[in-house]
Amino acid sequence: MDGNGRWATRRGLPRVAGHREGARAVRRTVEAAIEQGIGWLTLFAFSSENWRRPAEEVTDLTGLLRHYLRSELNELAEAGVRLRVIGERDRFGPAVQQELADAEVRTEANTTLNLVIALSYGARAEIAAAARRIAEAAKAGRLEPASIDEAGFAAHLATAGMPDPDLVIRTSGEQRLSNFLLWQAAYAELIFDDVLWPDFGAANLAGAIAEYTRRERRFGARPAHTGAARPEASR
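First residue of the sequence shown? That's 891 in the numbering used here, and the numbers climb one at a time after it.
Check before you lean on any hint, since a few could be wrong.
Simulated DEER-style distance windows between Cβ atoms [said to hold, decoys possible]:
{"id": "1", "residue 1": "ALA1036", "residue 2": "ALA969", "range": "43 to 51 Å"}
{"id": "2", "residue 1": "ARG943", "residue 2": "GLY970", "range": "29 to 37 Å"}
{"id": "3", "residue 1": "GLU946", "residue 2": "GLU978", "range": "44 to 52 Å"}
For the record, the hints were derived by calculation from the structure and aren't laboratory data.
Computed from a predicted structure; not experimentally measured.
The beta carbon of each residue, even a glycine, is placed where N, CA and C say it ideally should be.
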C-alpha cells in the first residue's frame, strides 16, 4: 500500500494525514474484498525498513495502528473477519503486542475473510529466519536435511498454513515488490496501479480482479485452458 506520503505532499498536508487517509482506504478495501468473495487479503502495512524513517513518523504510524485496532475491531469481528499478523511484532512495545494478540484471539473463529497484516515484515528476514529454524532443528537431530523440500521449507515461514497469493497489487505506480512475500509470490500475478493508496477503493480492486481473470496462468507448464479463476488469495 504505497503513496500515503505523496498523497499528503501534493495537498500540502503533513505525512501523517496521508497515513490517516490510507487507513480509510484499508477499510474500503476490506469491505470490497468481502463483497468480491475474496477469502484472503494481506496488507503490507509496515515494513522492517520503515523503522529507518524519522522517529516522529514511526510514532505516528504506531499510534495509527493502535487507533485502527480500537476503532475497527468491533466491525471487523461482526463482519466475520479473522485478523492475523505476520512480521517481527516483538519490535513493537508490549502494549501494541498485547493489542495485536487480543485482536487475533477475538477474531480467530471468523471465516468470511482472513485479513493478514504484515507489520515490521521483510521477506528476506522471514526466509533467513526459516533457514535458521531448519538449521537448528537439523543440528539438534530433529530434522533430516535431505527431507526438506519446498513444502517443508514453507512450513517454517511466517505464512505457514496460509495459501500463496494469486494476485499482488502495488499502488502508486512503483513497479517492484519491495521485499514483500518473495517466496510466496513466486507465481503470483502482479498488477501495478498508478493510484496512490489513499485513493484506492472498490473500483480499483474490481479492476485488478478483472485484469487477473483475463490472464492465463501456466505455472511453468503449457496452458490447460484460457483465463484464470477468481483469486482465492489477493494481496
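We went through each hint and held it up to the structure:
1. ALA1036 to ALA969: 43 to 51 Å: Hint holds: Cβ distance 46 Å, inside 43 to 51 Å.
2. ARG943 to GLY970: 29 to 37 Å: Roughly 34 Å apart at Cβ, these two residues keep to the hinted range, so it holds.
3. GLU946 to GLU978: 44 to 52 Å: violated, 21 Å
In this structure, the one hint that does not hold is number 3.
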